[in-house]
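Chemist: Take the given structure of chain A and dock chain B to it, following the hints.
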Amino acid sequence: MRVTVLYFGVLKDLFTGDRSTLELAEGETVGGLLRLSEKNASKHSVVWRALAVAVNREYVGVDHALQEGDEVALLPPVSGGTA
Amino acid sequence: MRIEIVDSVIDTAAVMAGVKAGADGAVCCFDGIVRNNTRGRETLYLVYEAYREMALEQMQALANEAVTKFGVRDVALIHRLGKLEIGETSVLIAVASAHRGVTFEACRWLIDTLKKTVPIWKKEHFIDGAVWADGEPFPEALRVEV
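Keeping their order, the protein sequence lines are chains A and B. Residues in the first sequence are numbered consecutively from 64, following my numbering. Residues in the second sequence are numbered consecutively from -8, following my numbering.
Mixed in with the good hints there might be a few duds.
Only part of the chain A face toward chain B is listed, based on derived beta-carbon distances under 8 Å [as the list claims (entries may be wrong)]:
hint: 1; residue: LEU69
hint: 2; residue: PHE71
hint: 3; residue: VAL73
hint: 4; residue: GLY80
hint: 5; residue: VAL93
hint: 6; residue: GLY94
hint: 7; residue: LEU97
hint: 8; residue: GLU101
hint: 9; residue: LEU114
hint: 10; residue: VAL116
hint: 11; residue: VAL125
hint: 12; residue: ALA136
hint: 13; residue: LEU138
hint: 14; residue: PRO140
Residues from chain A shown here face chain B by an in silico Cβ test under 7 Å; the list is partial [stated by the list, open to error]:
hint: 15; residue: GLY72
hint: 16; residue: ARG98
hint: 17; residue: ALA104
hint: 18; residue: ALA113
hint: 19; residue: ALA117
hint: 20; residue: ARG120
hint: 21; residue: TYR122
hint: 22; residue: VAL141
hint: 23; residue: SER142
Please keep in mind that the hints were generated in silico from the structure rather than gathered at the bench. All C-beta atoms, glycine included, are put in the ideal place defined by N, C-alpha and C.
Same shape as in the complex, but just chain A:
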């Protein structure tokens, strides 16, 4: 199955682009996709350890099973600022 992966913020620099299409095994989970993607990014990136993931614009956990055509967004910590 195919999913679209969107990269934001610092992840755009790590992946040198804002999106890619991945071919995954049926039933692959978010966690599986992250492990695959990690190989293409810097493993030393601190941001990689602090991500959230949205599938079709909803936050999901690592066990979420992906489906054909999903839009998967890898989200680094958001803009923040000191309270």
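Modeler: Relative to chain A, chain B alone:
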């Protein structure tokens, strides 16, 4: 409720005026503006970007939750994207209600929660380089670990 993501200047006075109604006794406003430095390093300008559709949905959900949670009457929540100069408004929140107490509480909760959960990022352009700003850690419920 006025919930928007915009690409041009936010008219703070117009938003404040627009949120007021006869039953209100208070409007509390948070105006988030671009600071000229980060920990002493001089900032030239900021560039904000978002996962636009999701950010808008999340902002709408936060505004709805604020109304339920604090019992305020109305909320305006506007975020700007793109290149912003020092002193310009990046995010504007206005909360209207009959009494002031809940407007302060809702306004504070909205900005603190927005800054942790709404997918918007900023790149800081300094005199000597540019970096993506360190974000706040996601709440544990949203974070993924592999």
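Chemist: Determine for every hint whether it applies to the structure shown.
Modeler: How the hints compare with the structure:
no.: 1; hint: LEU69; in the structure: 7 Å, holds
no.: 2; hint: PHE71; in the structure: 6 Å, holds
no.: 3; hint: VAL73; in the structure: 4 Å, holds
no.: 4; hint: GLY80; in the structure: 14 Å, violated
no.: 5; hint: VAL93; in the structure: 7 Å, holds
no.: 6; hint: GLY94; in the structure: 5 Å, holds
no.: 7; hint: LEU97; in the structure: 4 Å, holds
no.: 8; hint: GLU101; in the structure: 7 Å, holds
no.: 9; hint: LEU114; in the structure: 6 Å, holds
no.: 10; hint: VAL116; in the structure: 5 Å, holds
no.: 11; hint: VAL125; in the structure: 5 Å, holds
no.: 12; hint: ALA136; in the structure: 6 Å, holds
no.: 13; hint: LEU138; in the structure: 5 Å, holds
no.: 14; hint: PRO140; in the structure: 3 Å, holds
no.: 15; hint: GLY72; in the structure: 4 Å, holds
no.: 16; hint: ARG98; in the structure: 6 Å, holds
no.: 17; hint: ALA104; in the structure: 12 Å, violated
no.: 18; hint: ALA113; in the structure: 6 Å, holds
no.: 19; hint: ALA117; in the structure: 6 Å, holds
no.: 20; hint: ARG120; in the structure: 4 Å, holds
no.: 21; hint: TYR122; in the structure: 5 Å, holds
no.: 22; hint: VAL141; in the structure: 5 Å, holds
no.: 23; hint: SER142; in the structure: 5 Å, holds
When the structure is compared with the earlier hints, violations turn up for hints 4, 17 and for no others.
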